[in-house]
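Undergrad: Please put together the full structure from these sequences, using the hints given.
Going line by line, the protein sequences match chains G and H. Position 300 (the first sequence) corresponds to 1004 in the working numbering; numbering is contiguous. Position 92 (the second sequence) corresponds to 93 in the working numbering; numbering is contiguous.
Please note that a few of the clues may not be correct.
Derived pair list, reagent style SDA-like, types lysine to any residue, alpha-carbon separation capped at 20 Å [to be verified]:
no., chain 1, residue 1, chain 2, residue 2
1, H, Lys532, G, Asp876
2, H, Lys296, H, Phe366
3, H, Lys146, G, Arg880
4, H, Lys109, H, Ala192
5, H, Lys400, G, Val733
6, H, Lys400, G, Ile734
7, H, Lys127, G, Leu866
8, H, Lys127, G, Asp878
9, H, Lys253, G, Gly799
10, H, Lys253, G, Leu866
11, H, Lys127, G, Gln792
12, H, Lys198, G, Lys830
13, H, Lys127, G, Gln761
14, H, Lys470, H, Ala343
15, H, Lys355, H, Lys341
16, H, Lys127, G, Asn765
17, H, Lys127, G, Gly763
18, H, Lys146, G, Pro793
19, H, Lys234, G, Ala752
20, H, Lys253, G, Asp878
21, H, Lys198, G, Asp878
22, H, Lys234, G, Gly875
23, H, Lys253, G, Gly875
24, H, Lys150, G, Gln792
25, H, Lys146, G, Thr796
26, H, Lys253, G, Leu941
27, G, Lys830, G, Arg934
28, H, Lys253, G, Gln792
29, H, Lys198, G, Pro793
I should point out that these hints are in silico values taken from the structure, not numbers from a laboratory. Since this is a predicted model, take the numbers as computed values, not measurements.
Here is what each chain is made of, one letter per residue.
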Amino acid sequence: MLPYVFRRLLQAIPILLAVAALIFVLFSVIPGNFATSQMADGRSNIDAATIERMNQQFGLNDPLPLRFAKYVGGLATFDLGDSFRTRQPVTTLIGERLWPSLQLALAAMAFAIVIGVPLGFFAALKPGSWVDMLSMVFAVSGLSLPMFWLGLLLMYAFALTLNWFPSFGYGDGDPRYIVLPAIALGVSPLALLARTARAAVLEIMHADFVRTARAKGASAYRVMRWHVARNALVIVLTTLGLQFGSVLGQAVVVEKLFAWPGLGSLLVDSVTWRDIPAVQGCILTIVLFFLVVNIAVDVLCAVVDPRIKYS
Amino acid sequence: MLKKLAFTTALTFAAAFTLQAQAQEPRRGGTIRFTAPYGASFVSNDSHVSNQIQDEIYGYALHGMLYKWDAKNGKPVLDIAESVQVSADGKTYTYKLRDNALFHNGRKLTSDDVIWSYTRIMDGSKNYPGARYVARIVGATEVQKGQAKEISGLKKIDDSSFSMTLTDKANPGYFLFQAQTAILPAKEAQAAGFFDKPIGLGPFKFVEHVPGSRMAFERWDKYYLAGKPYADKLVISPMGEAAARDVAFRNKEVDVSILGSTQYVAYKADPNLSKGILEVAEVFTRNMGMNPTFKPFSDKRVRQAINYAIDSDLIIKRLVRDKAYRAASWLPLSSPAFDKDAKPYAFDPEKAKKLLVEAGYPDGFEFEWTATPNESWGVPIVEATIPMLAKVGIKVKVKPVETSALGGVVVGGDFQAYIWSNTSGPDSLTALKCFHSSTPRSSCNYTTFKNPAYDKLIDDASNEADPAKQLDLLKKANAMLQEEAPVWFFNYNKAVMAYQPWLHGLQPNSTELALQRYEELWVDTTSPAAK
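TA: Structure (structure tokens):
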């Protein structure tokens, strides 16, 4: 198993480099740079000499391959460079924001798993029943609802109308602050998990080995627990990994809406101001998180289903 | 009997007056919960690093500057200095610092701190945005270029006084009141980790910064204005999303919210929310700049025709929802040089057609209009003008750009026309100098406007010692701009802030409504954060 994990981690390196290269190319193609973005508010007139000095200071006058080579050289020593905007190391900025983002991602996935997986299982047990119909309507709605709009609805319902939760902010360890952003972020993976769980259970319930188990007189509980649930779990886990990995990227909208101090709000501001090192740092962190979560899920799948062998 | 009645009436009035006075008496204590609406976070704890209003919002709490903006009277006044003497040529200013101005560590402010702060801002290797202001001090650009280590125009006289010589005759109050030019404690600020918990001279002490969530402060008891600030605490939350701000405001979680045009309409229509709205004409002029290198725009009559062809009032009413004031010329309503009798271009398509015929464009022409997605001065506005301009034969091709790219496009001259919101104050002379032929496009003469008569008016105004005569010259220059129409004069921004009934002391700051002097604010006992 360990060589497999090590190999997967090594495979992540070219992916990270490709992402870094893509961001470099994108930011060199799109109009505007950090110096000119400073004028966006219409109040800051920046003369040509200042723009030139800034471009020089941040190395923006260097050829793209040279800039990329320098960046990759920095990556080798875990140096993501300094933010153009804040003049601080990008690693420091990410360090400040990572934990709140992880908190939000974990809370959102916990919400999605606790509700989504049982919902899918129960729906599959009685296909075509009102429970099944209702849960699938909920699942489809969850997938279709734009996160921003859902977040606003939650704010209006649970903050403004019912006054159960604060509408924004991080709080000082008060768990009430995370509830609404976690729900807004968790509804989409919840819906997908519910649909996946339902489909997996339905498929496995009609498998030959399940029929055989029933024919051998195994109890309904035993069939569900040992034959259906365990096999369905591998499929659910795979979906879970993909969702968990991408939830950090999806959090951008929710974090900005709820003033949650995660990577998302840093990323949005950095893109606006063409702060290339900060954008790269944020995206690489999100990609790395995605890769690590998926490796972890692959390992977990092997634990759940011993038939899966990694070599 | 009559005497008794008169006495009773007088007593009643006196009692009522006393009660009213008590109601208006600032109350000490409580927390002010402010919002910073221009982004999802603050850039840095170092106010010299950022040129964003978002960071000025906290800078006004933490720092003292040489000047501050007196919103009520619309002019700069001394902040950390108690007096100033101006030389006969109007270029050298000698300041006496306040004796009671103390940094948040209790150390007294000295002239070394001022000189060090301005020298730091001019560090050429750092490109601090405030350098464009400090550069107006003699010798500052030499420091920026690495040719000198000290700004020759700054001379320490003693610990509490210094002189400052400017490169040209100007009122430094107009450019040394921003937090980008904050005065930092010279010795302490050079220590490692200073900006993790910065100190300044402002009314509030730094407590914590949770990046992307909030910045918290507490009252500085030794602030130089006795009895101020009133509030115990100040919490500023960056909230870039207008809809989220709206919910938080309605839910009474924040004390203020800057409103966009949609919310402005909703708040005005609400019987309760409409009671707490502060409006001000900010020093921003929304305009369409025309590039004279594009042949039709080199003709004044074409530029005037565009001003006549667009029904600006209709657009302001329908699209901007009356959250703007119609522009007559460049200088905004809050400018002392604004001519109250000036009439904006009337909506007159026939006159526009006539002018186009005279200019040699009887069949009109087509031009490319660069615009950002901004709802108040971007693509939606351009789209509204398209049918109006089409009626006089002018076709428009929209060229969308991202907001952060517009500056680069305009400064590079890569446009036929653009729509933007540009600062047009608070200093009228500085604002009008943007149209002087000696001002390069990269500074602010974006339309490369050139008119010798206009230049002369501005030069005369620059050299005029008598403020009344200078004002007269500036009014003439502003009127000439209207006649020359280098831009389509669209509107002046009407900034709108919603505030809770318990918050008092807000100031109608025309330089930027979101910038408040927090020492003037106080909350009454009805605030949820009154304790």
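Undergrad: Each hint needs a verdict: does it hold in this structure or not?
TA: These are the hints, each one checked on the structure:
1. Lys532(H) <-> Asp876(G): holds, 18 Å
2. Lys296(H) <-> Phe366(H): Holds, at roughly 10 Å.
3. Lys146(H) <-> Arg880(G): Distance ~53 Å between Lys146(H) and Arg880(G) Cα, so the pair is violated.
4. Lys109(H) <-> Ala192(H): Holds, at roughly 18 Å.
5. Lys400(H) <-> Val733(G): Holds, at roughly 17 Å.
6. Lys400(H) <-> Ile734(G): holds, 14 Å
7. Lys127(H) <-> Leu866(G): violated, 50 Å
8. Lys127(H) <-> Asp878(G): Violated: Lys127(H) and Asp878(G) sit about 39 Å apart, past 20 Å.
9. Lys253(H) <-> Gly799(G): This hinted pair is violated, its Cα atoms lying about 32 Å apart.
10. Lys253(H) <-> Leu866(G): At roughly 13 Å apart (the allowed maximum being 20 Å), Leu866(G) and Lys253(H) satisfy the hint.
11. Lys127(H) <-> Gln792(G): holds, 12 Å
12. Lys198(H) <-> Lys830(G): violated, 60 Å
13. Lys127(H) <-> Gln761(G): Answer holds: Lys127(H) to Gln761(G) is near 8 Å, not above 20 Å.
14. Lys470(H) <-> Ala343(H): holds, 19 Å
15. Lys355(H) <-> Lys341(H): violated, 28 Å
16. Lys127(H) <-> Asn765(G): holds, 16 Å
17. Lys127(H) <-> Gly763(G): Distance ~13 Å between Lys127(H) and Gly763(G) Cα, so the pair holds.
18. Lys146(H) <-> Pro793(G): violated, 25 Å
19. Lys234(H) <-> Ala752(G): violated, 42 Å
20. Lys253(H) <-> Asp878(G): holds, 18 Å
21. Lys198(H) <-> Asp878(G): violated, 24 Å
22. Lys234(H) <-> Gly875(G): holds, 16 Å
23. Lys253(H) <-> Gly875(G): holds, 16 Å
24. Lys150(H) <-> Gln792(G): This hinted pair is violated, its Cα atoms lying about 25 Å apart.
25. Lys146(H) <-> Thr796(G): violated, 30 Å
26. Lys253(H) <-> Leu941(G): With Cα atoms ~42 Å apart, Lys253(H) and Leu941(G) exceed 20 Å; violated.
27. Lys830(G) <-> Arg934(G): Cα-Cα ~19 Å, so holds.
28. Lys253(H) <-> Gln792(G): With a Cα-Cα distance of about 35 Å, the restraint between Lys253(H) and Gln792(G) is violated, given a limit of 20 Å.
29. Lys198(H) <-> Pro793(G): Holds. Lys198(H) to Pro793(G) sits at ~17 Å (cutoff 20 Å).
Figure legend: structure checked against the earlier numbered hints; hints not met, in rising order: 3, 7, 8, 9, 12, 15, 18, 19, 21, 24, 25, 26, 28.
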